[in-house]
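Could you slot chains P and R onto chain X? The hints should help.
Here the protein sequences come in this chain order: X, P and R. Under the working numbering, the letters of the first sequence match residues 200 to 416, in that order. Under the working numbering, the letters of the second sequence match residues 430 to 653, in that order. Under the working numbering, the letters of the third sequence match residues 257 to 480, in that order.
Some clues are possibly wrong.
Facing chain X, a subset of chain R residues (Cβ under 10 angstroms, in silico) [what the hints assert, rightly or not]:
no. : residue
1   : Y281
2   : S282
3   : R322
4   : S324
Residues from chain R that keep clear of chain P, each with C-beta distances beyond 12 angstroms, as calculated [as the list claims (entries may be wrong)]:
no. : residue
5   : G326
6   : T463
7   : A465
8   : R472
Because the hints were derived from the structure by calculation, they are not lab data. In this text, all values refer to a predicted model and were calculated from it rather than measured experimentally. By construction, the Cβ of each residue, glycine as well, lies at the ideal position given by its N, Cα and C atoms.
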Amino acid sequence: MIWKVFLFAWIAAGMLAGFLWAPVVPVLGATTRVFYFHFPAALVTTLAFGWSMVHSALYLARRDLTHDDHAAGAADLGLLFCVVATISGSMWARAMWGAYWNWDPRETSVFFLLLIYAAYLALRAAIDGETRRARLAAIYSCVAFVTVPFLIFVVPRIYFSLHPDPLFGRRGKPDIDPRIMLVAAWMFAGFTALFFWLLSLRVRLGRVERCALKGMA
Amino acid sequence: MPATRSSSAGAVWAILRKECRSEWRTRYGLNSALLFAVTTLTSISFVVGKIADRTDILAALLWIVLVFAALASLAHTFVREVEGHTMTMLRLVASPTAIALGKLGFNLLFLGVLEAVTVPLFLVLVGGPPLHWDRFLAVLGLGSVALAAAATLVGAVIAQTRGRGALFAAVSLPILLPVLAGAVSGTRGQWNGAPIGAELRLLGAYAAALLGASLILYDHLWEE
Amino acid sequence: MSALPAREAVSAVATLSARELTHRYSPRRGLDPVSFDLAGPGVTAVTGPNGSGKSTLLRIVAGLLRPSGGSCVLACEGRELPARARRPAIGLAAPDLSFYEEFTVGENLSFAAAARGLDEPRGRVRESLARVGLLARAAARADALSSGMRQRLRLAFALLHQPPVLLLDEPGSHLDDDGRVMVARLVGEHAERGLVLIATNEEREKTLAGHAIQLRGRGVGDPA
Chain X
200 MIWKVFLFAW IAAGMLAGFL WAPVVPVLGA TTRVFYFHFP AALVTTLAFG
250 WSMVHSALYL ARRDLTHDDH AAGAADLGLL FCVVATISGS MWARAMWGAY
300 WNWDPRETSV FFLLLIYAAY LALRAAIDGE TRRARLAAIY SCVAFVTVPF
350 LIFVVPRIYF SLHPDPLFGR RGKPDIDPRI MLVAAWMFAG FTALFFWLLS
400 LRVRLGRVER CALKGMA
Chain P
430 MPATRSSSAG AVWAILRKEC RSEWRTRYGL NSALLFAVTT LTSISFVVGK
480 IADRTDILAA LLWIVLVFAA LASLAHTFVR EVEGHTMTML RLVASPTAIA
530 LGKLGFNLLF LGVLEAVTVP LFLVLVGGPP LHWDRFLAVL GLGSVALAAA
580 ATLVGAVIAQ TRGRGALFAA VSLPILLPVL AGAVSGTRGQ WNGAPIGAEL
630 RLLGAYAAAL LGASLILYDH LWEE
Chain R
257 MSALPAREAV SAVATLSARE LTHRYSPRRG LDPVSFDLAG PGVTAVTGPN
307 GSGKSTLLRI VAGLLRPSGG SCVLACEGRE LPARARRPAI GLAAPDLSFY
357 EEFTVGENLS FAAAARGLDE PRGRVRESLA RVGLLARAAA RADALSSGMR
407 QRLRLAFALL HQPPVLLLDE PGSHLDDDGR VMVARLVGEH AERGLVLIAT
457 NEEREKTLAG HAIQLRGRGV GDPA
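If we strip away everything but chain X, and leave its shape as in the complex, we get:
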């Protein structure tokens, strides 16, 4: 119980610091603030994706349904964070460049991730039978794992040559104020903890459901 409160306080403190304490990056102006939840959300969604895939592979190797709970739970939560990242990124793009969507490399990568999450969850919804669902979803997840590196490296190569992005190098800026980095790291830690906490709830719920079904038998 105390940890939930602590987590809430941590994230709230991070948001406050982001709006009130950390300075703005001159080029970005007030829109810097979105950095504190857009960037952590994007990182967490990538982490969630990796987590889901690793557990899919583990399920195929070991056939322990707990791995499937992890894979499905991480996908659900990853989708949530992905939507947050996409929408916050889109709002930022509107403020910076005047258009909600530009197909810039990073936007595109996040969007593809969204498509894969959605396809994975749609597939799960269409399968009856716990073990069949776990197995087929895990197979799809492993195929997606092959696709993702190509999507992340294909996109810049093919589309960057057509739509050069003037701010593409912005992450490479060496002189970002350390206060900004601190708040960003703080928020990343908070989001990650939030993800793992929600995931643990989901996994426990899955285990309880299975025990309840067995108990009824």
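Leaving out everything else, chains P and R in the frame of chain X:
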């Protein structure tokens, strides 16, 4: 146990022959795929007219028609087995990998026939500058291998679910995006005279990665 | 009744054992834990009320279904066969076994023989059909068969490769008296050299067996 000639290679070949014979007897899949491609092409041609100079749009249109015609038809090899309840028989005579490879071979042949009809028809109806055949065929070939590999694996998964047509397309498209990107860019490049080495490497690498992953994953497809 | 050439004699030593083997499709449907040890040539009946899991047990032994709990070990000539490798050693004839409707009886069995990599496929197909009395129907399409003939085809399919282990799920269903006599003869012939499991509730089929595995099930009418 009676003496047997080896191997999986024999089983793959037997399954490939069976698929071809089955398709020839029923002609169910090929007819609908060709009809789909022809209908789509004539509709586009009617609506768009000749756009011989817009090579970027032409490349995209060609590959969209090919991919969607493939998505409309490549899953049916598995769906037919599930609906005809012949999976039990198949699983008793061949390993999952042999089954999937046999069907992959068939899907490649099928795609080849589809392209042999669709590409010339496209050039006649919609237009386009003359092809640099060697480069175009390289893009077409590698793209088709990747397309068939993805569609075979995803098709095998989808055939065991409740949703079929729309779900197959929705679930396959993210996997097919690298193919579309590389193939469209490569097709446009061979028309514009641009170098397409990068696109060919992408398509080749992706096809190899998909095939490699498939060979590991095929075993798990029908384990229950 | 033809005597098989010596070189094709089915290997004698097949053993099958299960420990707490169980499978659950849903909380109330499935196979309750069962344990047994079977060895050598002979016939065993698998009996039990409807829904007790007879067909499920045969599918697990055949390697088609991964059980949710317990273990099932099949060994031939002392070598243990994991589920994935049981295909050459198992012949299964079950009610859900269907064949390709667009192929003839002979073509279906030829395909099975080719996929299994059998020597002299044509001879084997003819012999198998002769043993079940379907030789006259070899050129008939599978969708033109009556239910009795379909059942004979299933038996021919199971016997095609002379497996050491024969799994028969209600082999007498749809068969007339001649057919049941044929089944009894086939079981007798096979039991001289291999293991036969018959899942049945028919008294006449139960008497073919030397011993029985009783599955306690909930049955259809039991409360949850």
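Verification of the supplied hints:
Because the closest C-beta pair between R:Y281 and chain X is about 8 angstroms apart, less than 10 angstroms, the hint holds. Hint on R:S282 holds. Least Cβ distance to chain X is approximately 8 angstroms, under the 10 angstroms limit. With 10 angstroms as the threshold, the beta carbon of R:R322 comes within range of chain X, its nearest partner Cβ sitting at about 8 angstroms, so the hint holds. For the restraint placing R:S324 at the interface with chain X, the shortest Cβ-Cβ distance is roughly 7 angstroms, inside the 10 angstroms limit, so the hint holds.
With 12 angstroms as the threshold on Cβ separation, the claim that R:G326 sits away from chain P holds: the shortest Cβ distance comes to roughly 16 angstroms. Interface exclusion of R:T463 from chain P stands, the closest Cβ pair being 28 angstroms apart, more than 12 angstroms. Residue-level check passed: R:A465 sits 23 angstroms from the nearest beta carbon of chain P, beyond 12 angstroms. Remark: the non-interface label on R:R472 is consistent with the geometry, its nearest Cβ contact in chain P lying 24 angstroms away (cut-off 12 angstroms).
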